[in-house]
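Spelled out, the chains give:
Protein chains: 2
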Amino acid sequence: MNELSLPESPHPRVVIIGGGFGGITLARKLRGRHFQVVLLDRHNYHTFLPLLYQVATGGLEADSVAYPIRKIFHRQRNFYFRMANVERIDTDTRNIITNAGTVTYDYLVIATGSNTNFFGLADAARHAMQLKSVPHALDVRSLLLQNFEKELAGAEKPDGLLNIIVVGGGPTGVEVAGALAEFRAHVVPSDYPEIGKSRVSIRLVEASDRLLGAFATRSGKAARTYLEELDVDVSLQTTLKSYDGTVALMGDGTEVHSSCVIWCAGVTGDSPTGLGDHVLDKNGRLRVDGMNRLKGHEAVFAIGDVALMETDKDYPNGHPMVAQVALQQGRLLAANLVRLTKGQKTVPFRYRELGSLATVGRNKAVAEFPLAHFRGLVAWLLWMGIHLMQLVGFRNRMVVLVNWVWSYWSYDRAIRLIIRPFKKVN
Amino acid sequence: MNELSLPESPHPRVVIIGGGFGGITLARKLRGRHFQVVLLDRHNYHTFLPLLYQVATGGLEADSVAYPIRKIFHRQRNFYFRMANVERIDTDTRNIITNAGTVTYDYLVIATGSNTNFFGLADAARHAMQLKSVPHALDVRSLLLQNFEKELAGAEKPDGLLNIIVVGGGPTGVEVAGALAEFRAHVVPSDYPEIGKSRVSIRLVEASDRLLGAFATRSGKAARTYLEELDVDVSLQTTLKSYDGTVALMGDGTEVHSSCVIWCAGVTGDSPTGLGDHVLDKNGRLRVDGMNRLKGHEAVFAIGDVALMETDKDYPNGHPMVAQVALQQGRLLAANLVRLTKGQKTVPFRYRELGSLATVGRNKAVAEFPLAHFRGLVAWLLWMGIHLMQLVGFRNRMVVLVNWVWSYWSYDRAIRLIIRPFKKVN
Numbered sequence: 020m021n022e023l024s025l026p027e028s029p030h031p032r033v034v035i036i037g038g039g040f041g042g043i044t045l046a047r048k049l050r051g052r053h054f055q056v057v058l059l060d061r062h063n064y065h066t067f068l069p070l071l072y073q074v075a076t077g078g079l080e081a082d083s084v085a086y087p088i089r090k091i092f093h094r095q096r097n098f099y100f101r102m103a104n105v106e107r108i109d110t111d112t113r114n115i116i117t118n119a120g121t122v123t124y125d126y127l128v129i130a131t132g133s134n135t136n137f138f139g140l141a142d143a144a145r146h147a148m149q150l151k152s153v154p155h156a157l158d159v160r161s162l163l164l165q166n167f168e169k170e171l172a173g174a175e176k177p178d179g180l181l182n183i184i185v186v187g188g189g190p191t192g193v194e195v196a197g198a199l200a201e202f203r204a205h206v207v208p209s210d211y212p213e214i215g216k217s218r219v220s221i222r223l224v225e226a227s228d229r230l231l232g233a234f235a236t237r238s239g240k241a242a243r244t245y246l247e248e249l250d251v252d253v254s255l256q257t258t259l260k261s262y263d264g265t266v267a268l269m270g271d272g273t274e275v276h277s278s279c280v281i282w283c284a285g286v287t288g289d290s291p292t293g294l295g296d297h298v299l300d301k302n303g304r305l306r307v308d309g310m311n312r313l314k315g316h317e318a319v320f321a322i323g324d325v326a327l328m329e330t331d332k333d334y335p336n337g338h339p340m341v342a343q344v345a346l347q348q349g350r351l352l353a354a355n356l357v358r359l360t361k362g363q364k365t366v367p368f369r370y371r372e373l374g375s376l377a378t379v380g381r382n383k384a385v386a387e388f389p390l391a392h393f394r395g396l397v398a399w400l401l402w403m404g405i406h407l408m409q410l411v412g413f414r415n416r417m418v419v420l421v422n423w424v425w426s427y428w429s430y431d432r433a434i435r436l437i438i439r440p441f442k443k444v445n
Numbered sequence: 020m021n022e023l024s025l026p027e028s029p030h031p032r033v034v035i036i037g038g039g040f041g042g043i044t045l046a047r048k049l050r051g052r053h054f055q056v057v058l059l060d061r062h063n064y065h066t067f068l069p070l071l072y073q074v075a076t077g078g079l080e081a082d083s084v085a086y087p088i089r090k091i092f093h094r095q096r097n098f099y100f101r102m103a104n105v106e107r108i109d110t111d112t113r114n115i116i117t118n119a120g121t122v123t124y125d126y127l128v129i130a131t132g133s134n135t136n137f138f139g140l141a142d143a144a145r146h147a148m149q150l151k152s153v154p155h156a157l158d159v160r161s162l163l164l165q166n167f168e169k170e171l172a173g174a175e176k177p178d179g180l181l182n183i184i185v186v187g188g189g190p191t192g193v194e195v196a197g198a199l200a201e202f203r204a205h206v207v208p209s210d211y212p213e214i215g216k217s218r219v220s221i222r223l224v225e226a227s228d229r230l231l232g233a234f235a236t237r238s239g240k241a242a243r244t245y246l247e248e249l250d251v252d253v254s255l256q257t258t259l260k261s262y263d264g265t266v267a268l269m270g271d272g273t274e275v276h277s278s279c280v281i282w283c284a285g286v287t288g289d290s291p292t293g294l295g296d297h298v299l300d301k302n303g304r305l306r307v308d309g310m311n312r313l314k315g316h317e318a319v320f321a322i323g324d325v326a327l328m329e330t331d332k333d334y335p336n337g338h339p340m341v342a343q344v345a346l347q348q349g350r351l352l353a354a355n356l357v358r359l360t361k362g363q364k365t366v367p368f369r370y371r372e373l374g375s376l377a378t379v380g381r382n383k384a385v386a387e388f389p390l391a392h393f394r395g396l397v398a399w400l401l402w403m404g405i406h407l408m409q410l411v412g413f414r415n416r417m418v419v420l421v422n423w424v425w426s427y428w429s430y431d432r433a434i435r436l437i438i439r440p441f442k443k444v445n
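Quick mapping for you: the protein sequence lines, in order, are chains A and B. Everything in the first sequence is counted per this note's numbering, starting at 20 for the first residue and increasing by one. Everything in the second sequence is counted per this note's numbering, starting at 20 for the first residue and increasing by one.
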């Protein structure tokens, strides 16, 4: 295999795999430092995952929740982006083998994030939709709208075209179910008067006895109330046992016809191969020490969702797999890499929890901060403001704002094109 | 085959195939009339084709140049949309056979528009890119950016990754070439400093001896000057003889390596099958009389690009294949269908030319109206204003305006995500 072309540099090379929150933050913080920073990603853009569900439900364009990686860094002179799929890592030779060529590293940072966890259900993995990338979100949008069109076209249609099942009562599941309910309440009556909203069913299925397990009990209850106000059928202590693309079999033996199951029930570390089994925990995460270094690998680090750190005393079982952890680890690792090269003592990671937010719909959200919890309109406004601020790029913020203001006044989710029809596997 | 489900109606059923400018206008004008209006389209959205080249070159989101068909009509009670691919028409039984089922008609209007005309070049048809739909435009955008990424990744790359060839010097070719030149001038230096703009070549190839053949000679010259100011290599009296995906063979025998050939050289009527050869002209258009009725078919009409009308005395060889003709024919046919059912005399079509516009880039455009011609800044502002007004929907207008203002101040074409990598055929 040929080598990936990169310019010579007198400085050590840090290769970062993954342009998510962790990878981007780390690369930015290495600006002006004595490193050659190389970022690899299979996409040429950074995805703002917290808003992906709005792309899936027609509230936002794909282009406003994603941002070209090269544009983020176009003033950073020690930065090089290469679009590549990592196939394997060879830590003996310090080589990363990708589909575009091989690249050597002095330091390697794995920031590959997470994949959907189907908990071993092979048929669900094959037939259910997920929400971990922009193409996923566009596929959900296409499938949703295709099913409505099929229902109306009429000939030889399967049952359950209008039944949507969301699996998982965490923030993503709650947000998707809420957005779908708003779609049903405001778009279905005007676009599909022949169907009518009462025929569309939205069911949220959660294995435990409450929603938003990571939040306070009251927030979980509020989310449930909000969803029920929007006529979402919330089934707690319910699991999905199999799904063949048409029929979902529930844990209690009932069968539900559905052409659209959206799986938001869990994530698993997306670790590349070649690092050895001893660093891998059962959930696919890489075991790291307090400075995010892989056990037994001098020059390899992991941050964010893919990293499992058990040394932070408030989080003995590892940190939650959320954006804030990745951001904070990326920031600290940049400083620690500088310290390392200077022979200084590194600083161990401590997670500072800033707060959690989840929104169900218009004026319906929960927000938890260290000093106060909010619900309803205030939480919803906080949610919007914080997400707008975190979006990369002024243009994206403006376009998202126009869309949100538009949706608020018009009760419309305007972006409902089936650009590429989603083809189900058989 | 089952029947497409549609409600009973006491009124005659008009089936319109195609939701372009002609089909949409006709359906709108039949609002409140005594017809059941059924629109069939393979997409669930109307595409604003004049701005598709901006999607292809990263200036606009796909979602702002397309508009959900159901949303256009959600207050029109005699309107029914069905997403379906028409396979064949049976005029004896008045049946339309689609992938979703069969539908009968009392009146049938074919408004299917046009396809790219590759003039029999099978390899170009296979390997060149085109710009007749939203997925086409997204594919061009992906290919363009993928080629830049491949050039940088380095290993085993083909020649000509940075050579772009645009075939055809009509408005679309000129607009694409201009937009590509602006991309090269402003995005390449900041996103791809390792490449540098001087290595990217953009060549516009036109078979005749001038650009914008349908415009006045001075406008064609102005367009050429504008393009040359932007360093586009304009080759007149040049044809492309073959293109295998890597090498373009020109009419004079020279070979040019290129991984991206965009074909804008001509269009052909997109006529459905089953209407008989006697109505079909050599360019795939359907011969119609002065009220857009197909020869020998009492109840079948064709409007827009797919219709060839030779009775308009100012256009003895048929009308130009442009949006204005389709709009005006759609409007008149609505009135004529009403007259027909009332037993009144129908009115023959006369095309009223409103003007033509083509834009090359910032402050560079040509505009021709019956009373005056414009070039430069004035033409460019006219072009923007007219296109904004014609876009369907307030949200789309706002988002396009935000994008244009943003691009104008920042010199940036912001939307450059490779959402679905384009896979070349082999």
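By construction, these hints were calculated from the structure, which means they are not laboratory data. Check the hints yourself; a few may be wrong.
As the list makes no split between identical chains, a pair holds if one copy fits it or if it spans any two.
[As the list claims (entries may be wrong)] The list that follows gives simulated cross-link-like pairs (lysine-lysine, DSS-like), each with its CA atoms no further than 27 Å apart:
1) 151 - 442
2) 90 - 216
3) 90 - 176
4) 90 - 301
Status of each hint after checking the structure:
no., hint, result
1, 151 - 442, "both (18 Å within a copy, 22 Å between copies)"
2, 90 - 216, "between (42 Å within a copy, 16 Å between copies)"
3, 90 - 176, "between (46 Å within a copy, 24 Å between copies)"
4, 90 - 301, "neither (37 Å within a copy, 48 Å between copies)"
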